[in-house]
Amino acid sequence: MENHVIEMLNIRKEFPGIVANDNITIQLKKGEIHALLGENGAGKSTLMNVLFGLYQPEKGEIKVKGKKVNITDPNVANDLGIGMVHQHFMLVDTFTVTQNIILGHEPKKFGFIDLKKAEKEVADLSERYGLKVDPYAKIRDISVGMQQRVEILKTLYRGAEVLILDEPTAVLTPQEIEELIKILKSLVNEGISIILITHKLKEIMEVCDRCTVIRKGQGIGTVNVAETSTDELASLMVGREVSFTTEKQDANPGKTVLSVKDLRVKDNRKVEMVKGLNLDVKAGEIVGIAGVDGNGQSELIEAITGLKSIESGSIFLNDKEITNLSPRKVTQSGVSHIPQDRHKFGLVLDFPIGENMVLQSYYQKPFSKNGILSFNNIYDKAKRLIEEYDVRTPSEYTKARALSGGNQQKAIIAREVDRSPDLIIAAQPTRGLDVGAIEFIHKKLIEERDKGRAVLLISFELDEVMNVSDRIAVMFDGNIIANVLPQETNEQELGLLMAGSNQAKEGAQ
Amino acid sequence: MFSNRMFNLLVPIISVLLGLIAGAIIMLSFGYNPIDGYIALWNGAFGSPYFFGETIRQVTPYILTGLAIAFAFKTGLFNIGAEGQVIVGWLAAVWIGTTVDAPMFIHLPLALIAAAVAGGLWGFIPGLLKAKLGVHEVIITIMMNYIALYVSNGIIRDVLTDSKDSTDTIKESAALSANWIMELTSYSRLHYGIIVALAAAVFMWFLLEKTTTGYELRSVGLNKHASEYAGMSVSKNIILAMVISGGFAGLAGAMEGLGTFGYMPTHSAFTNIGFDGIAVALLGGNNAFGVILAALLFGVLKIGALNMPTVAGVPSELVEIVIALIIFFVGSSYIIRWALLRLKKEGN
Ligand SMILES: Nc1ncnc2c1ncn2[C@@H]1O[C@H](COP(=O)(O)OP(=O)(O)OP(=O)(O)O)[C@@H](O)[C@H]1O
Ligand SMILES: [Mg+2]
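Chains A and B are the protein sequences, given in the same order.
191 is the number that my numbering gives to position 191 of the first sequence; each next residue is one higher, with no gaps.
158 is the number that my numbering gives to position 158 of the second sequence; each next residue is one higher, with no gaps.
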C-alpha cells in the first residue's frame, strides 16, 4: 500500500445554487509537492477549505495517515498537522511577525505571553527553512512576499506536516517566486508534504511531483508531472486545446491618446516614486510597462487615474489636460482602470456582483433616472456582461465575495472593458486567472486595440508583456529607461533592463 | 437548515428570549414571581388604551434615534452623538414652536424641519472633521453631546426665558398632539409623531436601497477605497451620512418638544433617548424595518416596567437589568451565531 498522508475520497460540497465539488479524490504522498489545477471557479479553494475544516463536505471521507477523520474546524486541522495559507492573507497589520505567528498559540510564562521565547523560536524556524523573516518587523512594513512567508511560518510553528498553499505565486513578483520555490523544496526535504494551487503551468512542471486536475467541480484525475506537458495539463483542465502565444496582427497606431510629461509623484510616505517620467500611448497600440514591483508603477497609475495628486508635470488624454482631475472626471473623459488590488479597489465585496458591474456608471442613464436606481436595467446589464465574459457565478445577485478569485477578476475586466473607453489601464489584469481565462483576456485587450483604443498594460509577468504588447517601456526607479519592441528583444535582455542595467548607458536622469 | 435571512432574524429573537429568561432568573433569585412580573409588564404596555398610548409614544423617538444610529452604521460610521442631536433638535423645535406665528400647515412642518436641520448641523461638524482631518467621529460626537446639553440649558435659561428652568409651552399651531388621540387613549401623551417616525423609516429604506445617493452611501460604508476608485467622493458621503443621521436624531428631539412635552425643560443629565438608540439599532440589525420592531420592544419594556413595581412588586431597576441583559445578548450575538452554526453542522 502506498504511503498517503492525506486522502480526500469522493468529496462533494454544495453551495446554494451550485455544486462546488462533485466526487473529487486527491491523495497526497508523504514528501511530495502535489499540484491542484483547475479553471477559475473549478472548486480548488473550496476543496482545500474542506480539508482545512472551514467547510463540511456533504459526501465523501477524509483520511489522515490512513485513519478516517472528521475535520470539524481549523483547530482540528491544526491538531492533525494540516496548515493552510489562504489566497488572501489573514494577518493583523499592526502586529509584529512574531505576534501574528503565535496568535492563538501563545507560549506562556507565569500566565504572561513569553514573547522572548516566541521570537527566538520564530527566528530558529525561519533560519531552518531559509525563510529570512524578521521576527520583530510589523506586518504593514513588510512586502507581500514576506507576509506570505509569515503565513507559512505560522503553519510550521503550529507543527504542520501538510501545507496547503492557495495560489501563493499569484501575488508574487518573478524574483519572489523563485525564492518561494527554493523554500518549498527545502520544506519537502524536511519531510513536509505540500498541496500547491497555481494557475501557472510552468511552476507545476518545475516543482511538482504530481498534479490533480479538476474541471467545473468534477475530479478529472491525477497525473505524474514527469510524464506530462503543459499542453496536456491545459487541455485536461479546460477540456479543449489552449494556445499559449496570443495571435495578433501588427499594430496600427493612430494619434496619441495618453501623453504623460515630466511626471513626478510621491508615495504616501512622501518619497518620490515617479521621477520626471515621459510616456505616450497611441490609439490602436498596447504599451506594456515592464518592471520590478515598486519602481513607481502603482504611483504612475494612481496619478493618471486621479487617485493620487502629482507633484509636477502634466497628463493629457486626447490632447485635453487631465492632470489632477478627480477619479470621476478622469473616468468620464474616457479612461478605464483594471486595478492591481481587486479586493481593495476593484470591488465592493458585500455588494451583489450585479451592483458591482455599475460601480462607476450607477448614476448615469439607464441605471439611474432622477436619482432613483433602476435595478432592472442594472441587473440586465450585469447578466449580459456575466454571459459575455463567462463570469462563473450562481447568479447576478450573488455577493461578489462568494465568487472565486479568478471570477472576481473577470467581473472587473468585463465592467472596465465594456465601458468602451479611449484608454484602458490594465494593471496585472490576469493575476490569478487560469490559462483559458488569460487567453480570453489577452484576446479582449487585443480586440479593444484593434477597435482603436489605447491600452496601457502593467505587468510583472514577462511572458505577458512580451506576448501582448506592441511596444515595451521598461520602468526602473521611477522612470522609463528603455523602449523596446517585443520582437526585437528577449526575456534575458528585458530582465537586465528591469534591473536598471541600461541606466548608465542611456544617461537617464 | 437555516438560510441567511432566517439567521439574521433568529439571532435577535434568541437574544431577546435569553434576556427575558435571564431576567426571570434574577427575579426568582430575588424572591419575585417572574410570571406575575412579566404579566404586569405586558399589561403595563398593552393592558389599557392609556398604557398602549404611552407605549407608542415612547416608541416614537426610539424609532428615530434607532434610525439615526443605523443609518450612520450603514455608512461605516458610529454616531454616538445622537444624544446631543436629540437635544438640539428638541430645542430648535421648541424655539420655532414658541416664537413663530403661522398657520399650522406652515408652523408644524417648519418646527420639524428646524429640528432636523439642527440635528443635521450637529452631525455635520463631526462629519466634516472626520472627512477632512480624519478625526474619529466617536470622540467628536461625545464632546458634541456635552456641548449640546449645556448650550441648550443656557439658551433656555438666558435667551428663551428669564432664568426659568423650562421654556414656555409651544403654540397650538406647532403641536403634534391632538385631542382626539388623547381622548381615545384615556389621556395618554400619544401624538401624531409616530407617523413622522414611520415615514422616516420608509424614507431611510428608500434612500439607502433605491436611490443613487444610497448606493454611494452604502458603497462608501463597505469599501472606501473602491468607492474612491469608482469616482465617489468619500468625504462628501461621510458628511452627508452624518448630516442625515443627525437629522433623524433631531426629529426625535422634535417628538419630545412638539409632542410629548410641548416645551423643553433644562436637563441636568442626558435624555438617554440617543444612547438607547444605539441598542435599538443594534437589535434591529441596522435595518429600517428591524429598527421599528426593536424600538417597539424597547418602548414596551420601558413603559411596561412602570407597572411592575405597583402590580407585581418588582422594582423597576430590575427591568433596567433585563433590558441591559437583552443588549448584552445582542452584543454577544456572535456566540449565538456560533451556537446556531454548531447546531447546523450537527444537523447535517
Ligand atoms: N462561500 C461561498 N458561497 C457560495 N458560493 C461559493 C462560496 N465559495 C465558493 N463558491 C462558489 O463555488 C465555486 C468554486 O469556488 P472556488 O473558490 O473553490 O474556486 P477556485 O477553483 O478556487 O477558483 P479560483 O482559481 O478563481 O480561485 C465558485 O462557483 C464559487 O462561486
Ligand atoms: Mg481559489
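Just to be clear, a hint being listed does not mean it is correct.
Stated by the list, open to error - SDA-like cross-link-like pairs, simulated, lysine to any residue; straight-line CA separation at most 20 angstroms:
1) Lys282/A x Asp262/A
2) Lys210/B x Gln360/A
3) Lys210/B x Asn268/A
4) Lys132/B x Leu325/A
5) Lys210/B x Gly371/A
6) Lys282/A x Asn268/A
7) Lys132/B x Asn268/A
8) Lys236/B x Tyr397/A
Said to hold, decoys possible - Below, a sample of chain B positions facing chain A; criterion: calculated Cβ distance under 7 angstroms:
9) Pro49
10) Ala102
11) Pro103
12) Leu184
13) Tyr187
14) Arg189
15) Thr212
16) Ser219
17) Tyr229
18) Ser235
What the hints assert, rightly or not - Every beta carbon over 12 angstroms from chain B, so not counted as near; a handful from chain A, in silico:
19) Thr245
20) Thr305
21) Val330
22) His337
23) Asp341
24) Arg342
25) Val358
26) Leu359
Keep in mind that the hints were calculated from the coordinates and are not lab data.
For each residue, glycine too, the CB sits at the ideal point set by N, CA and C.
Hint by hint, here is what the structure shows:
no.: 1; hint: Lys282/A x Asp262/A; in the structure: holds (18 angstroms)
no.: 2; hint: Lys210/B x Gln360/A; in the structure: holds (17 angstroms)
no.: 3; hint: Lys210/B x Asn268/A; in the structure: violated (36 angstroms)
no.: 4; hint: Lys132/B x Leu325/A; in the structure: holds (19 angstroms)
no.: 5; hint: Lys210/B x Gly371/A; in the structure: holds (9 angstroms)
no.: 6; hint: Lys282/A x Asn268/A; in the structure: violated (30 angstroms)
no.: 7; hint: Lys132/B x Asn268/A; in the structure: holds (17 angstroms)
no.: 8; hint: Lys236/B x Tyr397/A; in the structure: violated (28 angstroms)
no.: 9; hint: Pro49; in the structure: violated (41 angstroms)
no.: 10; hint: Ala102; in the structure: violated (31 angstroms)
no.: 11; hint: Pro103; in the structure: violated (32 angstroms)
no.: 12; hint: Leu184; in the structure: violated (38 angstroms)
no.: 13; hint: Tyr187; in the structure: violated (43 angstroms)
no.: 14; hint: Arg189; in the structure: violated (38 angstroms)
no.: 15; hint: Thr212; in the structure: holds (5 angstroms)
no.: 16; hint: Ser219; in the structure: holds (5 angstroms)
no.: 17; hint: Tyr229; in the structure: holds (4 angstroms)
no.: 18; hint: Ser235; in the structure: violated (12 angstroms)
no.: 19; hint: Thr245; in the structure: holds (33 angstroms)
no.: 20; hint: Thr305; in the structure: violated (8 angstroms)
no.: 21; hint: Val330; in the structure: violated (8 angstroms)
no.: 22; hint: His337; in the structure: violated (7 angstroms)
no.: 23; hint: Asp341; in the structure: violated (8 angstroms)
no.: 24; hint: Arg342; in the structure: violated (9 angstroms)
no.: 25; hint: Val358; in the structure: violated (9 angstroms)
no.: 26; hint: Leu359; in the structure: violated (4 angstroms)
In this structure, the hints that do not hold are numbers 3, 6, 8, 9, 10, 11, 12, 13, 14, 18, 20, 21, 22, 23, 24, 25, 26, in rising order.
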